[in-house]
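Residue numbers (this note's numbering), protein chains in the order written: chain C, 1 to 369; chain X, 1 to 369.
Just so you know, not all the hints are guaranteed correct.
Intra- or inter-copy, both count: the list cannot distinguish identical chains.
[As the list claims (entries may be wrong)] Mimicking DSSO-like on lysine-lysine, the simulated pairs with C-alpha atoms at most 27 Å apart in a straight line are:
| no. | residue 1 | residue 2 |
| --- | --- | --- |
| 1 | Lys95 | Lys285 |
| 2 | Lys285 | Lys184 |
| 3 | Lys124 | Lys163 |
| 4 | Lys82 | Lys318 |
| 5 | Lys184 | Lys212 |
| 6 | Lys163 | Lys184 |
| 7 | Lys313 | Lys82 |
| 8 | Lys163 | Lys82 |
| 9 | Lys212 | Lys313 |
| 10 | Lys313 | Lys124 |
| 11 | Lys82 | Lys280 |
| 12 | Lys280 | Lys313 |
Since the hints were derived computationally from the structure, they do not count as laboratory data.
There are 2 protein chains.
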Amino acid sequence: MNRERLQRAQERMRERNIDAYLVLTHDDYLYFFGQVRVQPRAIVPAAGPPILVVFRGEEAEVREDLGADDVRIFGSVAHMMKDVVGVMRELAQGKSALTVGVQMGFFTPAFLLDLFQRNNPQVKVVDIGPVMDELRIVKEPEEVERIRRAGELAAIGMRAALKALAPGVTEREVAAEAEYAMRKAGGDGTATPVYVNSGLRSGWLHGAATGKAIGAGEPVVIDLVPVAQGYCANLCRTVVVGAATDQHERMMGTYEAARQAVLQAMRPGATMRELDMAAKAVFDKAGLGEFYVMGISHGIGLAFEEIPAPTIKPAEAKVAVREGMVLTVGHSVLSIPGVGGVRLEDTYHISPSGPVPLTSFPVGLSLAI
Amino acid sequence: MNRERLQRAQERMRERNIDAYLVLTHDDYLYFFGQVRVQPRAIVPAAGPPILVVFRGEEAEVREDLGADDVRIFGSVAHMMKDVVGVMRELAQGKSALTVGVQMGFFTPAFLLDLFQRNNPQVKVVDIGPVMDELRIVKEPEEVERIRRAGELAAIGMRAALKALAPGVTEREVAAEAEYAMRKAGGDGTATPVYVNSGLRSGWLHGAATGKAIGAGEPVVIDLVPVAQGYCANLCRTVVVGAATDQHERMMGTYEAARQAVLQAMRPGATMRELDMAAKAVFDKAGLGEFYVMGISHGIGLAFEEIPAPTIKPAEAKVAVREGMVLTVGHSVLSIPGVGGVRLEDTYHISPSGPVPLTSFPVGLSLAI
Numbered sequence: 001m002n003r004e005r006l007q008r009a010q011e012r013m014r015e016r017n018i019d020a021y022l023v024l025t026h027d028d029y030l031y032f033f034g035q036v037r038v039q040p041r042a043i044v045p046a047a048g049p050p051i052l053v054v055f056r057g058e059e060a061e062v063r064e065d066l067g068a069d070d071v072r073i074f075g076s077v078a079h080m081m082k083d084v085v086g087v088m089r090e091l092a093q094g095k096s097a098l099t100v101g102v103q104m105g106f107f108t109p110a111f112l113l114d115l116f117q118r119n120n121p122q123v124k125v126v127d128i129g130p131v132m133d134e135l136r137i138v139k140e141p142e143e144v145e146r147i148r149r150a151g152e153l154a155a156i157g158m159r160a161a162l163k164a165l166a167p168g169v170t171e172r173e174v175a176a177e178a179e180y181a182m183r184k185a186g187g188d189g190t191a192t193p194v195y196v197n198s199g200l201r202s203g204w205l206h207g208a209a210t211g212k213a214i215g216a217g218e219p220v221v222i223d224l225v226p227v228a229q230g231y232c233a234n235l236c237r238t239v240v241v242g243a244a245t246d247q248h249e250r251m252m253g254t255y256e257a258a259r260q261a262v263l264q265a266m267r268p269g270a271t272m273r274e275l276d277m278a279a280k281a282v283f284d285k286a287g288l289g290e291f292y293v294m295g296i297s298h299g300i301g302l303a304f305e306e307i308p309a310p311t312i313k314p315a316e317a318k319v320a321v322r323e324g325m326v327l328t329v330g331h332s333v334l335s336i337p338g339v340g341g342v343r344l345e346d347t348y349h350i351s352p353s354g355p356v357p358l359t360s361f362p363v364g365l366s367l368a369i
Numbered sequence: 001m002n003r004e005r006l007q008r009a010q011e012r013m014r015e016r017n018i019d020a021y022l023v024l025t026h027d028d029y030l031y032f033f034g035q036v037r038v039q040p041r042a043i044v045p046a047a048g049p050p051i052l053v054v055f056r057g058e059e060a061e062v063r064e065d066l067g068a069d070d071v072r073i074f075g076s077v078a079h080m081m082k083d084v085v086g087v088m089r090e091l092a093q094g095k096s097a098l099t100v101g102v103q104m105g106f107f108t109p110a111f112l113l114d115l116f117q118r119n120n121p122q123v124k125v126v127d128i129g130p131v132m133d134e135l136r137i138v139k140e141p142e143e144v145e146r147i148r149r150a151g152e153l154a155a156i157g158m159r160a161a162l163k164a165l166a167p168g169v170t171e172r173e174v175a176a177e178a179e180y181a182m183r184k185a186g187g188d189g190t191a192t193p194v195y196v197n198s199g200l201r202s203g204w205l206h207g208a209a210t211g212k213a214i215g216a217g218e219p220v221v222i223d224l225v226p227v228a229q230g231y232c233a234n235l236c237r238t239v240v241v242g243a244a245t246d247q248h249e250r251m252m253g254t255y256e257a258a259r260q261a262v263l264q265a266m267r268p269g270a271t272m273r274e275l276d277m278a279a280k281a282v283f284d285k286a287g288l289g290e291f292y293v294m295g296i297s298h299g300i301g302l303a304f305e306e307i308p309a310p311t312i313k314p315a316e317a318k319v320a321v322r323e324g325m326v327l328t329v330g331h332s333v334l335s336i337p338g339v340g341g342v343r344l345e346d347t348y349h350i351s352p353s354g355p356v357p358l359t360s361f362p363v364g365l366s367l368a369i
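Given these sequences and hints, build the entire structure.
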C-alpha cells in the first residue's frame, strides 16, 4: 500500500470537497494498494484509512499484504453493494449530502455506477479525474522502470510477430506468436488486443487480428501494448511482406518525418494540440494531410491511454507536456482509402533533456523480409 | 447483416416506446451486423434502416459487406458524437422527447454514456435489456455451433495448460500455453483473462495468473473462456500437482456431486435460484455450505456472462430455464480459508431432452499427473 499516494489523493479530495473516492477500476487500485485485482472495489475517504471490499477467500492474503491497521476489509461478495452503501451512510453522518468521486473512463461499467447511484440517492457522484489525473500524469521513477520493462516485452513480441510473417499466414497466427513470446518473457498479457491488420485493413482505426491470410505486398500494421507489473508500453510498426510500393514508401517516410517533428516539439509547455499540429504540418506539406487522423500522442502508464488522452477526451488536447510524463508518439493512422494505412508508435519519457524512448525497435517497411 | 434479428428488436422497441437503440458494445453489434468491431457504434431506430458510425478508412469495406441500401454509414471519427447527436435530432422531429435504449452491462463505458447524455439533454436514456435479453436468451442453432466450437478450443487450451503444469512452473507460464494453443487452433483470444490460481489463491473469486510458482500438492484452478467467431464457451477445472489431500478430494467430490444435482434440476421452468439451491443442498449436506459462494450457473454466448447472470444482476435469479438457452454449470467457488478452492465449470445447451454439454473434458484432481 502506498501511503504517500493515498495522502496526496486525500489532500486533493478535501480541497475539492469530495468526501470519498469509490475505486472501481484496476489502475487506481494498483496505484494505491499495489495489487492486481480482477474486481477491484475500495473506498478512499477524504480522511482516515481506506476501506477494501474483497471476497472472504481473499481476505487473509489481502490483510497480510496490506497491514491490518491501515485498512478496513469487508470479506463479502454477495453484499458488496450493501457494504458500500453502509460505508457511505457512515461517512455521511452529520452531512445532508455526500459527494463521491468515481473514474469516468473506459473501465467503469455504466451499470455499476447506475446501481450505486440508485442505492445511494443521497450521494452526488462527481468525476474523480481532477484528483487522480494530477497524481498520475507525472510518473515516479519506479513507474517509468515498469513502463520500460513493458517496452522490452513489446520488442520481444514485435520480433516474434515479424518472424511469423509470411504470405498466406493469417493475422491471427501472427498475433498468437507475439502474445506468446511476450507472455513467456514474463508479461501479464496485453492491455488491448494485439492488432494485426493487413492489406486494406491496415487503414482501419483499430481492427482485430482476424483469420484473413496476409498477401504478398500488403502493408501490415502490428500494434502491441504489453503489461508488466500493471504498466503498459505501446509499440507499433508497419511492414510489407515482400516488395513495398512507392506509395507505401512515401507514406512511411512521411509518417516517420512527422514523428520526428513531434519529438522535436515535445518540450515542456507544448500542448498536445501543438504536437498534433506539428505532425499535421508534415503531412500537409507532403500532400497527405487529408488522410491523417488527428491524435498523434497520448499518455500511457497504468492504462493504455491515460491523461493526456485527447482522442478519448477532446478537452485534454489543451494539456501541456511536463517533465516526468510518459507519452507515445504515433498513435494515429495515415489511412488512404483503397491503399491502406501506416502507423509507427513508440513510448517516451519526458526527461530534462527531452523525450527518452522507453520502447526501441527498428523502423522500416522491409523489416519482415 | 441479420435483418430478421433487427426486425425483431425493432418490434420490441416499438412495443416499449423506445425510439432508438444506441449500440455501444461489440456483442449486440455482432448480433445484428455480423462484424467484430473494436469501437462499435450504431443506432437502430424503432423503424427504418440502421445507422452505422465507422471510420472513413473502414467505410468502403463495411458498405460492401452490409449493402449500401440497408444502412447509412457515417465515415467519421472525430465527429462521431456529433453525428450521433445529429441522428438523434433527426429522429426526434415532431417529438418533444426521445427515448433511447443502451446496454447497461460491463462494457458500456460510464463516460460515453455521460457524454451522450450531456450532448443530448432532450433524450431519456433507458436500459435496452428488456429488448435484447429476450432475443439473445435463446440461442439459434448457428449460435450454438459457434459456442460448441469455442468449447473445442477450451479443451485444447486445457490440455495445453495441464501439460505445462509442474512444481516450480509459474501460473503465468501455464496461462501462456493455454492461450497460445487456443489461438493456434483458430481462436479469437479469450473473453476474460485466463485464470490460473494456485495454492491459497485457488480460493479467490477470480485472480489473475501471476508470477507465483506452483508448489507440489497445491490445488490449481484453471478457468478458460475462449472466443470463436464472437461466441464464448466456459471450461474450468481444478487439479493438484502431485498428491491431493483427503480434504481436496472431499471438496472435489462434493463439487462434482453438486454439479450433477444442478444438471438434474436443469429443466425448463426451473429458476436460476432453484438451480443454485440444488447445489447449496449438496454442499450443506456435506457440511460445506458455509464455504459455498452462491451463483452456480449463468448464461453465455456473445458475452462471457449474459442473461441470466444472477451474480451480476441479482434480479435474474428469477429467470427460468428455457429450451434453447446455453448455460454454464460450476461458476461459483467452494472456497475454504486456509485451504483453497475448487471449481469445475462446463457449458450446456438446453435441448428438449435436457442439458447437452458444449464443453467436454475429464474431471479429476489428478489430471495434471
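Which holds for Lys82 with Lys280 at a C-alpha limit of 27 Å: within a copy, between copies, both or neither? between (51 Å within a copy, 22 Å between copies)
Tell me, please, which holds for Lys280 and Lys313 at an alpha-carbon limit of 27 Å: within, between, both or neither? within (19 Å within a copy, 47 Å between copies)
Alpha-carbon proximity between Lys184 and Lys212, which holds within one copy, between copies, both or neither at 27 Å: both (26 Å within a copy, 14 Å between copies)
Is it within a copy, between copies, both, or neither that the alpha carbon of Lys313 lies no farther than 27 Å from that of Lys124? Close inside one copy (22 Å) and across copies (23 Å); limit 27 Å.
Go through the copies and call it for Lys95 and Lys285: within, between, both or neither, with a Cα cutoff of 27 Å. For Lys95 and Lys285, neither the intra-copy (60 Å) nor the inter-copy (48 Å) Cα distance is at most 27 Å.
I want to check one pair: Lys212 and Lys313. Are their C-alpha atoms no more than 27 Å apart within a copy, between two copies, both, or neither? neither (33 Å within a copy, 37 Å between copies)
Lys285 and Lys184: within-copy, between-copy, both or neither at 27 Å Cα: neither (44 Å within a copy, 44 Å between copies)
Regarding Lys124 and Lys163, is the shortest C-alpha distance of 27 Å or less found within a copy, between copies, in both, or in neither? neither (54 Å within a copy, 52 Å between copies)
Same-copy or cross-copy closeness of Lys163 to Lys82 [CA-CA at most 27 Å]: neither (52 Å within a copy, 43 Å between copies)
Tell me, please, which holds for Lys82 and Lys318 at an alpha-carbon limit of 27 Å: within, between, both or neither? Classified as between; 20 Å across copies, 40 Å inside a copy.
If the cut is 27 Å between Cα atoms, do Lys163 and Lys184 qualify within a copy, between copies, both or neither? Cα proximity of Lys163 and Lys184: in one copy and across copies (16 Å, 15 Å).
Up to 27 Å between alpha-carbons, please classify Lys313 paired with Lys82: within, between, both or neither. between (33 Å within a copy, 14 Å between copies)
Hints 1, 2, 3, 8 and 9 from the list above are not met by this structure, while the remaining hints are.
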